[in-house]
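Q: Fit chain Y to the known structure of chain Z by using the hints.
Number of protein chains: 2
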Amino acid sequence: MRMSRMMCLVVAVCASFSVHAATPVKSAVSMSDVLKASSATDWRALNPDNTLYLELEKGRVVMELAPDFAPRHVENIKKLVRESYFDGLAIVRAQDNYVVQWADPDEKREVNTAQRKLDGEFTVKYNATLPFTRLPDVDGYAPQVGHSNGFAAGRDPKAGTTWLAHCYGALGVARGNENNSGDGTSLYVVTGHAPRQLDRNITVVGRVMQGMELLTSLPRGTGALGFYEKPEQHTRIVAIKVAADLPVAERSQLEVIRTDTPTFQKLVAAQRNRGGDWYKVPAGHIDLCNVPLPVRAVSNKVQ
Amino acid sequence: MRMSRMMCLVVAVCASFSVHAATPVKSAVSMSDVLKASSATDWRALNPDNTLYLELEKGRVVMELAPDFAPRHVENIKKLVRESYFDGLAIVRAQDNYVVQWADPDEKREVNTAQRKLDGEFTVKYNATLPFTRLPDVDGYAPQVGHSNGFAAGRDPKAGTTWLAHCYGALGVARGNENNSGDGTSLYVVTGHAPRQLDRNITVVGRVMQGMELLTSLPRGTGALGFYEKPEQHTRIVAIKVAADLPVAERSQLEVIRTDTPTFQKLVAAQRNRGGDWYKVPAGHIDLCNVPLPVRAVSNKVQ
Chain Z
0 MRMSRMMCLV VAVCASFSVH AATPVKSAVS MSDVLKASSA TDWRALNPDN
50 TLYLELEKGR VVMELAPDFA PRHVENIKKL VRESYFDGLA IVRAQDNYVV
100 QWADPDEKRE VNTAQRKLDG EFTVKYNATL PFTRLPDVDG YAPQVGHSNG
150 FAAGRDPKAG TTWLAHCYGA LGVARGNENN SGDGTSLYVV TGHAPRQLDR
200 NITVVGRVMQ GMELLTSLPR GTGALGFYEK PEQHTRIVAI KVAADLPVAE
250 RSQLEVIRTD TPTFQKLVAA QRNRGGDWYK VPAGHIDLCN VPLPVRAVSN
300 KVQ
Chain Y
0 MRMSRMMCLV VAVCASFSVH AATPVKSAVS MSDVLKASSA TDWRALNPDN
50 TLYLELEKGR VVMELAPDFA PRHVENIKKL VRESYFDGLA IVRAQDNYVV
100 QWADPDEKRE VNTAQRKLDG EFTVKYNATL PFTRLPDVDG YAPQVGHSNG
150 FAAGRDPKAG TTWLAHCYGA LGVARGNENN SGDGTSLYVV TGHAPRQLDR
200 NITVVGRVMQ GMELLTSLPR GTGALGFYEK PEQHTRIVAI KVAADLPVAE
250 RSQLEVIRTD TPTFQKLVAA QRNRGGDWYK VPAGHIDLCN VPLPVRAVSN
300 KVQ
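Quick note, the sequences are listed as chains Z and Y, same order.
In terms of numbering that gives the first Met the number 0, the first sequence has 116 at position 117, counting the first letter as 1, and numbering is strictly consecutive.
In terms of numbering that gives the first Met the number 0, the second sequence has 120 at position 121, counting the first letter as 1, and numbering is strictly consecutive.
Mixed in with the good hints, there may be bad ones.
Because identical chains cannot be distinguished in the list, a pair is counted as satisfied if it fits within a single copy or across any two copies.
[As the list claims (entries may be wrong)] List of simulated lysine-lysine pairs, BS3-like, C-alpha gap at most 27 Å:
#1 Lys265 <-> Lys25
#2 Lys57 <-> Lys229
#3 Lys35 <-> Lys279
#4 Lys279 <-> Lys25
#5 Lys124 <-> Lys25
#6 Lys57 <-> Lys279
#7 Lys116 <-> Lys265
#8 Lys157 <-> Lys25
In case anyone wonders, no lab produced these hints; they're calculated from the structure.
Keep in mind that this is a model prediction, so the values were computed, not measured.
The shape of chain Z in the complex, shown without the other chains (with noise of 0.2 Å):
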């Protein structure tokens, strides 16, 4: 059995896999190009309902649900938001090359609605229904990688399961030792090399969108774990919003690449061997969390 596997792995390598096979040549658009070709069409639009909005004092951060990965989980965390939970709580920990967290310092406010024990939502059963890009790059963590409606995925056809990937800006639930221990009332961002050995052992349940430079240059906590040592030290959390509760005008208009598109195929092309008078030798490979996923705004009076 064993062997009949890795025999798989040789075939799959040998027949449409780049590693190091071929002299990679670079590529004649660069992604700019290839976006400034794109039509409407190849980007849709952040969707309301499964869009969060962290206030900051400094400023919003954007971030998408993705509700085919963690569905108990994002509708949790909907309501903890329309319960105002998160509003006053803060950033509790920054840890240099990992994550930032927020939760309740004072681990006292209490839920109403939402719940407080959640199976884990680690990995999901995947299906025909589920949009998967592959991309034919190798990769060490998981046998297949690609993109599933713009989130990072990796995907296991012998478990049959499929996950989100903790790609720098991946949204997570942050949980304890048991794998009910997280319910969504602390977050985390990953603000690092992408920490992957995480997938499959935490429930991702999005992307930040937008603001990432509002989490990433806060200054790190310097206690254990990169939490902050002084409650003076913590970011205050003005309020966590669901997009589709605010007014249209007050609403972050964000598109985002689609990933199921030639265009996405092409973006992937040219960063992957990017052309250019730079660059002097293609990489031949683009890794998972290096595939870009453009973000764009649009004007709030949509024609």
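A: Coordinates of chain Y only, in the frame set by chain Z:
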């Protein structure tokens, strides 16, 4: 020729690489256990002659240079430092999830003993005397990856070349479009998910050993490529010094884990398949840039 290269890859993958082949098992020991059990000979002191201190108003960033990989640039940078070239200059760029960079914002400063043109040292030839502890984990960007004297590196046996990898904290020499347009007067540090596509395209001269948070927590520049738009947004460089030029009492006495020891192998194994109560599924893989390279402070007064 191309086919034989592919065949060669296949053998390597099947024989010794763990690409989703076997079911990984959680490590019985943690990195912390491994470090606690380490002995004095598992560590080495930074070489003060190849250690730079970037002195900012908020503190010191300690960087170790890697003359094995970029001898000409290391020499030139030390000349610049000893001319006080950098003193009073500024961090002029902070691009989120990419790099910070310093330079002369006015582009007026002259050099004396240092060179203004240096051929790029994007790769070097390797030989038996250059240490290389190979990682068994697959990598998409290089045929072989591993560590050389504490630096993450890639290697291509067919080309006979080796190079430092752009992991988090890597210190590189900014350049223009020409291969010989980087002289060390402008340096950058990787602050995001490893931009490995830069490997073999630009000269990496070392890495940050302590003080990354002073660079990563800087406000991001809002101009193109993360350059700051106004001089008052710059972070002033008080000075850059070679550690050896300071009195011993003023040096940061640091040791870094050696990467050519059984202890290092144990550390990597512990991180590849993390144990303990929190992790449920071991990753079965570790990315080159996720391998920790611990640094510890030691007393200035060694017994």
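Q: One pair to classify: Lys157 and Lys25, alpha carbons no more than 27 Å apart. Within, between, both, or neither?
A: Classified as between; 20 Å across copies, 35 Å inside a copy.
Q: First find the shortest C-alpha distance between Lys116 and Lys265 inside one copy, then the shortest across copies, and answer within, between, both or neither for a cut-off of 27 Å.
A: Classified as neither; 43 Å inside a copy, 37 Å across copies.
Q: Could you place Lys57 and Lys229 in one of the four classes (within, between, both, neither) given a Cα distance threshold of 27 Å?
A: both (20 Å within a copy, 19 Å between copies)
Q: One pair to classify: Lys279 and Lys25, alpha carbons no more than 27 Å apart. Within, between, both, or neither?
A: Result: close within a single copy only, 9 Å intra versus 41 Å inter.
Q: Cα distance capped at 27 Å. Does Lys35 pair with Lys279 within a copy, between copies, both, or neither?
A: within (24 Å within a copy, 44 Å between copies)
Q: At most 27 Å between CA atoms: does that hold for Lys57 and Lys279 within a copy, between copies, both, or neither?
A: So Lys57 and Lys279 fail the 27 Å test inside a copy (40 Å) and across (37 Å) alike.
Q: State whether the alpha carbon distance between Lys265 and Lys25 is at most 27 Å within one copy, between copies, both, or neither.
A: Answer is within; shortest intra-copy Cα gap is 13 Å, inter-copy 39 Å.
Q: Using 27 Å as the alpha carbon limit, work out where Lys124 and Lys25 are close: within a copy, between copies, both or neither.
A: So Lys124 and Lys25 pass the 27 Å test across copies only (24 Å; inside, 37 Å).
Checked against the numbered hints given earlier, the structure breaks hints 6, 7 and satisfies all the rest.
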